[in-house]
Amino acid sequence: MKKLSLLLAGAVICAAGTAICAEVQAPAKAAAKTPALRWQANRGTLKFADGVYSINSQRYQGGMRAVVPKLPNRRFTLKAEIRGEGKFMLAVSGDFGWRYGNTITLTGEWRPVEISYGTATGEAAISFLSMTNAATAFEVRNVEFTVAEPAVLDADDIEGKLLPALEYAGSNARKYKAQNCVWGKRWYHLMSVPVPANSKGLYYYVHIKSANGIIKDLYLQDRGQRLTKSVACSESDGKYAWVKLGPVNAAIAPQNISVTFNGDPKLEAWVDKAVLSTNPALTAEQLEKAE
Amino acid sequence: MKKTLFTAVAIASTAMAMADSSLISAGMGTPVIDGKLNDTVWQNSIGAAPFTLAKSNSFAKQQSVLRYAWDDENLYISFFCKAEILDPVNNKLHALAANYKGHDKDAIYRDDMVEILLENPAAPRIFDIAVSVTGAFNDCTVPKNGDMWHHRDFKWESGAKVATYVNKEVGNGFWSLEIAVPWKNLGGKPQNNDQWLTAAARFEKESREVSGFHLIPTGIHDKQCFGKLKFTSKVPGVTVTAMPEFAPGGNGLKVQISGNVPVELTCKTTFGNDMERSRQRIRKGAGELKFNLNGSGNFKFSWSIAGSSNLKEYFRSPEYSLSARSSKLAGTVKGGKLFINNRAVKNGGMLQSGLNKLAFKAEGAAELKLVCDNWQLPFPAGWKKSGNEYTLNLFSEFSTIWPNWHFDGVYVNQGGIQQLIFAPTGFPGMRLGDYTLNLDLPEGMKLLSASGYYEIYPSVTVKGPMAMTCGKSKFNRYSITINKNLKYTKSDKVPSHEWLGCIIAIDKNMPKGETQLAYHASSAAQAVAEVPRTLKVNVIDAVNGRQPKNYRVELWAGWLGRMLDKKAFPAISDYFIAAGITEDNAEMDAAGGKTKNFQLINFKNWNFNCVPYMKANPGTAQINAAGKPHAEYLCTTEMMTEKFAEYFRTNLKAWHKHYNEVQHIDWDFESGVFNGSLTCHCQRCFKAFADEFKLAAVPQNMKEVSARYASQWTAFMNRRFAKLVELMYKSIHSELKAGTVFSVYTGYQSENTKRHYGVDWSMLDGKVDYAMVGYGRNLKALIATQKALPNTRMIIGELYYPYRTTERFKTTYSTPSNLMRRACDADGGILLYAYQTLDGRTFHALGEVTRTVAENEEFFTSDQRHTDMLKVRAYSEAEYEVLGNGKGDYLVVILNITNGSRKYDAEFALPAGKKLIELKSGKTVDAKFSGTLKAGEFAIYRTK
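Each protein sequence line maps, in turn, to chains A and B.
The first sequence begins at -4 in my numbering and counts up by one.
The second sequence begins at 288 in my numbering and counts up by one.
Quick caveat, the hints were computed from the structure, so don't treat them as lab data.
Treat the hints loosely; a few may be bogus.
Here are some chain A residues pointing at chain B (derived, C-beta under 8 Å) [as the list claims (entries may be wrong)]:
| hint | residue |
| --- | --- |
| 1 | A143 |
| 2 | E144 |
| 3 | V147 |
| 4 | K156 |
| 5 | L157 |
| 6 | N193 |
If the Cβ cut is set under 10 Å, some of the chain B residues that face chain A in the computed set are [stated by the list, open to error]:
| hint | residue |
| --- | --- |
| 7 | K555 |
| 8 | M562 |
| 9 | N962 |
| 10 | S964 |
Note that the coordinates shown come from a computational prediction; the quantities given were computed from them, not determined experimentally.
Glycine is no exception: its CB is placed at the ideal position from the N, C-alpha and C atoms.
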């Protein structure tokens, strides 16, 4: 891991209209590989002094924001300490929309916050966001932006690896041993499926059925970051049917990702198995034979 | 090939899985069948390990690794069998059971051996191959279902090519084997990705272990212990280098990856219905799969290896049933917030093994009442206060006692003494001057002394006893503080002489039964505490032994004599005497002890110093393999001279006086002829050798000697040792006080002993007062030694494990039958090695034996065995003995060496006019007699 400390003596502070932009030079050696972040105020003002960013948020989702240097197929982590007033969230927007961190209530004490993200396109932005409707003020210090080494991947064909749902149950999925399946509602982690170190596109065929409606937004995610496009299940009359998710890019995914859906809170889903493959066109017959 | 070393880990005694779910993959490649596992194919294969004991839930003490490979012609199987007995340091080389030379005979099961079963789905029966360490093997087929053992068919010939290799190296004793079985004899060659079934077991004779990679609920001939064997083109090279400790909190499974197949290690831990999976990718080299045990009690553990890019599974272990003891801190938290390891907790939380950082942020009237395992966490005493924040470094499962008494608890005798040894490790990240070991002893036990050895800890302060309660139990706390700056050292890195010895006295009226003591470390200066570790204590009968008059009962006492605080020595000495011990090497007499001493002699400069001779006679130093002179040792040819003999005689008295005119001098010699303490590489020695054997040319170095003249050099060095022994024997008897005796200690008579220990007993007969040998009982080696020493009394030893402070496995102990067997074999005495690992069980057993020996000493010292006069149904000859006194009377001994009670039906060839009396009851019995023995007991009868 390469660390880029953003709190250096050579900090440059510049004014930009009502917002104040703080830009910090990264060390020369590291800078050659990873340029520094450039923080800008968002719906408020930003000052930087003595290693501390001071943000006055004018309203909801005010704060500061930085575009991440274009680093395709890389994962990065941002750590910082924050204190202030009101509610706060750290978030990243990228390939498949937003990844939101937890909402926390700020106090006068410094507390650590952290978020990580993987981007295939290399296009992402990090935001320190006030989650309070009224104007608030908060401070940020010890900002560390870390970019992971590129993932070492091998190109390998996976014909079809069976992932039994009970064996790979998600963290809050309800397990039904007798029915050999897991159950969940929207936002549940139905399954936690492995991501191999494979440079080929990875497809996850999920054997799923639903009740109280049809799932229209099924996807794979890592702690709030969507890793695949949303897929709608077809009408299956309450019977299990295969749904393909992917491709997942292993370069930006952690070792385990979750099968999740969004939609009507009344929706219920059952999954009894999934199949991992690099083949985007497996038939139902082939999927049933997977081991 | 990377050697694996596992520490034995306790596994809960819960029922084992009924079916083995394991998988081993075999990759393609062709090894050379020479028994050595240095082939590339083995390095790039999966080492299936660890081995677990049959019918048990414990990992084997003697670990093994199983590997498979294949090519177009053969299936290849290899075993790596770690063997403590093959480490010369343990003096048990003779214990390797390697006698089988036959084919298809059950006698193979008396050898150290392995057995492997293979089920080809296409073949009608299962193939069964058993291989002895000698390389001889059996092959048969067994049915796929039903009773395999009784339906073995030996008509099948595997056509196997087998080779074994035995490595007797200090610190690395093992044997290994390779088998190549042609496919044509296994029902045909499998295709890529085909799966067979297999089971494999190792039979280890010295520790009586039967173990397998697959779980073995009954025996290996049972379908339950078969796992999958998959044939594939390429597999990763994986060797397990350390199994996890399975302690609550963080754990790690360490592996070494070779070859070009990156892997993904996965482990599953399941407490009840909660399964957690941990994964780790490793491309090459050393790696560790880290996982947390976030629960307590019984859990299941398994691990697997898959390709990191395709998740193709190459290996899956059986599912082990294990147990983790957790420490939960729970109670009341008021007036503030409590954090354990930076996590806010409401009313306590789980402690992880090792360091736990506790912080309490007070917000008013603080109240913290937390209990862990009945132990109340003190507050605010011992905490560090900064503003309104209190902090404490709380350790859990941290302090180390050796040996590891936590398996069965420690057994103590009423009125006895127990030594407990602790590792003063300090604490990670701290240098402290007040490391304190707190010992909480139950009522009836008191600390007599506590100190380090030599001058390692010049100042140790003991405070106590301080009365305290823990739960409903009352204890007396002794706080033993080392007043020295102590830097943290892991317990397995603390040398044995740097441990802390505590001598505890047990009241003679302390009730028999189970109780417990506790220990924990602390430092007030650094705000460090530890959750006390409780240790089960079993109070058993007092020892009731008796010292024989002419039969030696010798205890090797380790560092005991080097304790700085010697005030417990009189009490220890009394305890030894009560057990019948006649001599030890703790030098307790100087501090009021009454046991006699024995003293080791050698040519180290702190012992019999030859450096003055070397200085007075330049050029007489021993030359090492690199051609450099040794700082302490003399050239062996020089030691053969009259000049050296005179030096020895002249300085012997002073040496003897230095050791308080000790009554028994022993030369413990276990030194190889090619690289031992008497091995000199100088040209003078090589020339003497060449002259003796009339060689055409003088060898230039030891490499040439070992390659061309191994047997001659062995005899040459054995003779030189014998000459030095003769010098010592004569000098001791001519120069020292009458009654001073001389002995040599080494292994039983064998070719191994001649070469690896440098001793040929047949050259020493009549040149020593006592021949001390051991350990264990290999009848062939015992008889060979007795034959080699017709005129010399023998003392036979018993070795107790563990041997090293790094070893954490269960302690061994003696039963009365075990020690009585030694006594029946030895006409000079018995020796016990060593005191550090003994508890009340062995002392009690020793008392039973020494009393019997003392009351019937003429039988034990006469060296007359008449085993043929007795027959005991279903007992082997090792389980009974008849000793004569040379005056027409006999002592009949029957031993129960099993773990359960056992009946005996015996018939004795009672001489006319003699009665046979059972000595314990005094009753006369017939020539045909019977009885029942409890586990480990012996029966004794005498004619009159």
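For this session: Grab the minimum C-beta distance from A/K156 to chain B and call the hint holds if it beats 8 Å, violated otherwise.
Result: It holds, given that the least Cβ distance between A/K156 and chain B is near 5 Å, below 8 Å.
Exercise. Does the CB of A/L157 sit less than 8 Å away from some CB of chain B?
Worked result: Status violated, d = 10 Å.
Problem set entry | Restraint check, 8 Å cut-off on beta carbons, for A/N193 near chain B | 4 Å, holds
Problem set entry | Minimum beta-carbon distance criterion (8 Å), A/A143 to chain B | 13 Å, violated
Problem set entry | Restraint satisfaction for B/N962 [CB to CB of chain A, less than 10 Å] | 46 Å, violated
Exercise. Does B/S964 pass the interface hint, meaning its C-beta sits closer than 10 Å to a C-beta of chain A?
Worked result: Check failed: Cβ of B/S964 comes no nearer than 52 Å to chain A, outside 10 Å.
Exercise. Taking the least C-beta to C-beta distance, is A/V147 closer than 8 Å to chain B?
Worked result: 7 Å, holds
Exercise. Holds or violated: is the Cβ of B/K555 closer than 10 Å to a Cβ in chain A?
Worked result: 9 Å, holds
Problem set entry | Interface restraint verdict for B/M562 against chain A (beta-carbon cut-off 10 Å) | Interface hint status for B/M562: holds (8 Å vs cutoff 10 Å).
Exercise. Hint check: is the beta carbon of A/E144 less than 8 Å from a beta carbon of chain B?
Worked result: 12 Å, violated
This entry does not satisfy hints 1, 2, 5, 9, 10, going by the numbered hints stated previously.
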